[in-house]
Amino acid sequence: MKDIFMKAAGISAELKAVCGCPGLVESAKAVQEKADEVVKIRTACRACIANCGVIATIKNGRVVKLEGDPKNKMSKGRLCSKGLSGIQALYNPNRIKYPMMRVGERGENKWKRVSWDEALDYVAVKLMDIREKYGAESVMCSTGGGGNPQFTSIPRFCNLFGTPNWFEPGSAQCYLPRLLTYNLMYGGDDSSIADSNALEIYYHEDTPMKAICLWGVAPSMSCAGQGGGQLAELRAKGVKSIVVDPRMTPDAAKADVWLPVRPGTDVALQLTWINYIITNKLYDEEFVMKWTNLPYLVSTETKECWRAARGNGPGEADTFMVWDKKTNSAQPLEYPWNDAYDVELDGTYEIDGVTYKTGFRMLVDRVSEWTLAKGAEVCWLPEDKIEEAVKLYAENTPGGLCIGVATDQSPNSVEAAMGANIIDMLLGNVERPGSLMQRFGAKKPIDVEVIPFANEALPYEQLCKRLGGIEYKGLIMWQTAHVPSCLEAMENANPYPIKAWIDRSGNKLAVLANGDRWVKAMRNLDLMVHMYTNYTSFSAYCDVLLPTTEWLETNYVQKALNTVTIRQPAAHLYETIDEALVWCLIGKYLAKHGHETMQKSYDPEFMGHNYTNFDSMTECMEHFTSKIGMTWEEFKTLSNEAPYEYASEEEFRTYYLYRELDESGKPRGFMTGSKKCEAYGEGFITLGRTGLPYTGKALPPASEDYDPLPKYHEPAESPVSDPETAKEYPLVMTNGRVPYYHHSTLRNVPWLREIYPVPEIWVTPADAAKYGIEDGKWVWVESKRGKIRAKASVTTAIRPGTVYMERFWNPENLNSDTHGWQEMNVNMLSRSEGPYNRVVGTYTLRGYLVKISPAEGAPEGVWTKPSDFKKWLPEYSDSVPELTSSEV
Amino acid sequence: MKKITFVIDLDRCIGCRACQISCKQENGVALGACRNEVKQIGPIGTYPDIQMYFLPAMCQHCENPTCAEVCPTGACYKDPSDGVVRIDRNVCIGCRTCEGACPYKVNTFNAELRVMDKCNICESLRAEGETPACVKNCAGRALHVGDINDPDSEVSKLLSEAGEENIYTLRDFGNKPGVRYILRRDKWIDVLPQDSDKTKGVAEL
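Protein chains in written order, with our numbering: chain X, 1 to 888; chain A, 889 to 1093.
Hints should not be assumed to be uniformly reliable.
Said to hold, decoys possible - Simulated crosslink set (DMTMM-like; lysine to aspartate or glutamate; CA at most 20 angstroms straight-line):
#1 Lys290(X) to Glu660(X)
#2 Lys791(X) to Glu1000(A)
#3 Lys59(X) to Glu1016(A)
#4 Lys777(X) to Asp1083(A)
#5 Lys870(X) to Glu1000(A)
Said to hold, decoys possible - Listing some non-contacts, in silico: residues in chain A with all C-beta distances to chain X over 12 angstroms:
#6 Glu925
#7 Asn952
#8 Arg974
#9 Asp976
#10 Cys983
#11 Ala989
#12 Lys1024
#13 Phe1061
Stated by the list, open to error - So the derived label-pair ranges between C-beta atoms look like this:
#14 Glu383(X) to Gly988(A): 24 to 32 angstroms
#15 Ile628(X) to Lys890(A): 47 to 55 angstroms
#16 Ile628(X) to Lys1045(A): 48 to 56 angstroms
#17 Ser721(X) to Lys1045(A): 54 to 62 angstroms
Derived from the structure by calculation, the hints contain no laboratory data. We treat Cβ as the ideally placed atom computed from N, Cα and C, and that holds for glycine.
Could you put the whole structure together from the sequences, leaning on the hints where they help?
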């Protein structure tokens, strides 16, 4: 395809001819004088985090059509409802069009238009003032996955500003637990489909995969255009699938076995699987012995592996002790293996008064109580279905287990990711064709990072002040603060006050647990700033609003297998600015007002590999394109022809990377300290004590060691752990995606809201009868923390005793007293209090107790009929409206 | 004779509704109206013997279309050249007789233009050699379109691969619906699209 503006009288036949065959450009140009100007560009969606390829048709400067890009290697021409609705998001009347300053009180939601200069100056002066009075750490920033072009801008800004405090409502509640755990135990990519990993699934034509397990993940809901479509391909070619999910998602409906697990008990089920796999010798003995650390001897006192010698410098593995059956003694095993030994996998030994066990024995001791019967009892599942599922998965290798966001949303988060790792490591589902754990691209990598974190800019003493950072050291992988600790600091100035909050994302009040606590705590803040595409509930409580671009207005690059996908603007409206640039602009104004590091952020020597702050997105994108010898304009032209291939498929799609010999003549192994798959997660102990390997200089230890093996913790508020609460609140709540929304975004898009106008609460016919609920009628949903409404869907697609709801808010009520976040927001009910995950501090968004009762009707003011959403349709006109300075 | 219609592999449909939105975008379908709508069939049964599938429902391009039969002006007609049932907006008087006549309720009234509206298998796109919007963007690659009377067409091949025993149409009232549904994993439920809600959460039908 050519990036050409052509005269084609609006006749798309001509357009197609020209696009398909550059030789016809001349004849097309001659068509008519008064022709429409039509152009097609290749770009990429960002309605969620999947970056599906998009062809955008632009007519007279207006985007008129979006469709899937068949040349995109991952989306392959598919585009889901969220992406296809991009035009209605772009031209939405609810957009923040200009910088706005509050008039009247916070929460009144009254605004006046100001210039960018005035807004940025106001923010910078306030930030400098707060830094002087309270310290840089009193400034907190946040972002979110919704429509986010790149979250690294936020930690970069914070590091340069000098505050360690930023967060995502996700992080410990979304993806970080999995990313961290796979990184520590395996060192390669995690197996998350929704996060564009598990890349083996994109080669459905020839993958030898026999089984796939979707654990708390529904690609059909979260990423229909990529993973959802690929799962359909895999099932069609006969790959067996097992789905673990309390609700019957489309993927569960099409699975060979569906396990509707009780929310929050996933780790119990994993331990049951592991015990079954070990007891029935279904594991891959060769792989477990030679390529995991399970044969290594572990001191039962320190829980550390017994090292004979440390490796000489980085990149060389330590030498660990194993038990040799030939000599009946402990022997040092130099990496990678020594055939002279007959190594014992499963044993316990007393040596010099210390009890040592192999890692395998440590694992067996941990899981041996988890019989099928116990798993069935705890997880509320039939024994025979658990057995059928684990057998199907274990006996059909190669395969892969994709663990999704579900387990990240309760305090067992890291444990669940550990369990997933161990299952695939035991089965040898690592880097073989057909498995999900892979390091594709590692042999010919390309660095597409254009906005590096700049961690070096944050002083060590500031890093030590990160809220929750010492106790929950796993957070350091993303350099993020602990969300409930941020709330505590806002509420009670403990251990110090938060005085400013700059947020960039959809609607924090819909995705954080207990929005009411956050809103109350905001009163203690001197500055509240929201930068976003649209007005949200959060904006109503702010002082300054900064308008940012929609994905159809932004530039970016993202890898898609062996290619680089481009995102480039199809339009640009109002006074919106790419958020990546907005963070730089705030930095620039801070520099003007004397911020030393921000002043140095333009010094190439100071910034080094982190690049200097930039003045335009072209400059930013050329951080990447300069590496391949191109300008951004040249890259756009090239990308319009076809996505840029940085490696051939053969170079990219490599298997058994760990077996390849490196310069030392030894196999390169895995990217862990031992170069083995660390099914015994010793790295967690080191992490808790020091923060290594994610910090250059060790941090003070957490109050207790992290557990190197997964352990099941019953949810704090469940019918089992808290029967007293369960008397009044008898049902267990879970959440999960619908295909029409991503996090808190898109609730103002007519095409999507008419499909799913209000959140459903799924309840079984038996539970509905018990509590007087009727299908399609309004319901009160209450927890100990709040009370909201939802519409009942009486269905057997949810397990008995459990209810399901997805997050929701109502932009139509922005100007009401509720600002739209209190009516149907399931996170009014969830728990921001502990217990938290030991490693990353996850709190409870799923798996707590609620009760339901019939409600009279819908909350006041909410829209439910398709015609209601007309107010949010783009206002079509012949041209994009001119800006007028008087417009407010 | 040509017979252009949809062949839909229900084992592949993941209920994402990209087809609905892409149709709205391509054809400017009004809010509240739909040329195609994905219906959920089920869940039927009790765990673990339970099933659910999705059914994209659009004009079935019947062999003997009831809608064309009752149309007083001839606006609604079956094109003999390709078997597609069309509505000529310039001739439609918006009397809505065909709306009542369609056994599957897959045609809708466009209140703004005061004419009836329904799927014509993206006539304008096909004229340019492109595939219909719903087919193009379908995430599960469930939707296919082509000439089922041409044994060499992709859709004919899909049908022969699926086997007679796995091919279904909506209930035939003598109108002979044209759209072919393939279903192997689940038991076909003989329910009209407009009644799909009645299948949700029932023990059996």
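Okay, the hints, checked on the actual structure:
1. Lys290(X) to Glu660(X): 15 angstroms, holds
2. Lys791(X) to Glu1000(A): 30 angstroms, violated
3. Lys59(X) to Glu1016(A): Holds. Lys59(X) to Glu1016(A) sits at ~18 angstroms (cutoff 20 angstroms).
4. Lys777(X) to Asp1083(A): OK: Lys777(X) and Asp1083(A) at ~18 angstroms, within 20 angstroms.
5. Lys870(X) to Glu1000(A): Since the Cα atoms of Lys870(X) and Glu1000(A) sit roughly 13 angstroms apart, the hinted pair holds (cutoff 20 angstroms).
6. Glu925: 9 angstroms, violated
7. Asn952: It holds; Asn952(A) is separated from chain X by about 32 angstroms at its closest Cβ, greater than 12 angstroms.
8. Arg974: Fine: 20 angstroms to the nearest Cβ keeps Arg974(A) off the interface.
9. Asp976: Check passes; 21 angstroms lies beyond 12 angstroms.
10. Cys983: The claim holds: Cys983(A) sits with its nearest Cβ about 22 angstroms from chain X, beyond 12 angstroms.
11. Ala989: 24 angstroms, holds
12. Lys1024: The claim breaks: Lys1024(A) does not keep its Cβ more than 12 angstroms from every Cβ of chain X (closest is about 6 angstroms).
13. Phe1061: 28 angstroms, holds
14. Glu383(X) to Gly988(A): 24 to 32 angstroms: 53 angstroms, violated
15. Ile628(X) to Lys890(A): 47 to 55 angstroms: 49 angstroms, holds
16. Ile628(X) to Lys1045(A): 48 to 56 angstroms: 42 angstroms, violated
17. Ser721(X) to Lys1045(A): 54 to 62 angstroms: Taking Cβ atoms as reference, Ser721(X) and Lys1045(A) lie about 56 angstroms apart, which means the hint holds.
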